[in-house]
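**Q** Sequence:
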Amino acid sequence: MSEFNFSNYRRLVIKVGSSLLVDDSGVFNISWLNNLADDIADLFNNGHEILIVSSGAIAI
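Its first residue numbered 420, the sequence shown is counted upward by one per residue in the working numbering.
Heads up, a few of these hints could be off.
What the hints assert, rightly or not - Label pairs and their computed distance ranges (CB to CB):
(1) Gly445 x Glu422: 18 to 24 Å
(2) Ser444 x Asn424: 35 to 41 Å
(3) Gly466 x Val446: 30 to 36 Å
(4) Val472 x Ile449: 30 to 36 Å
(5) Val472 x Phe447: 15 to 21 Å
(6) Phe423 x Ala456: 15 to 21 Å
I should point out that these hints are in silico values taken from the structure, not numbers from a laboratory. C-beta atoms are modelled at their ideal positions from N, C-alpha and C, and glycine is treated no differently.
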């Protein structure tokens, strides 16, 4: 799969499903969250406005 070119967009909405936040045993997926935070920081530092949304569901 090719990478998406975000440079054409100023404002980005990132929807994080609850199943991404926790693993199969119900433990927070810290490694994934750290990677997401790094990616969001990179986008923000490159001039993007970031909005993060979640369904509010509980996956544990």
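**Q** Would you mind marking each hint as holding or not holding in the structure?
**A** Hint by hint, here is what the structure shows:
no. : hint                        : result
1   : Gly445 x Glu422: 18 to 24 Å : 31 Å, violated
2   : Ser444 x Asn424: 35 to 41 Å : 36 Å, holds
3   : Gly466 x Val446: 30 to 36 Å : 35 Å, holds
4   : Val472 x Ile449: 30 to 36 Å : 21 Å, violated
5   : Val472 x Phe447: 15 to 21 Å : 18 Å, holds
6   : Phe423 x Ala456: 15 to 21 Å : 19 Å, holds
The structure does not agree with the numbered hints 1 and 4 stated previously, though it agrees with the rest.
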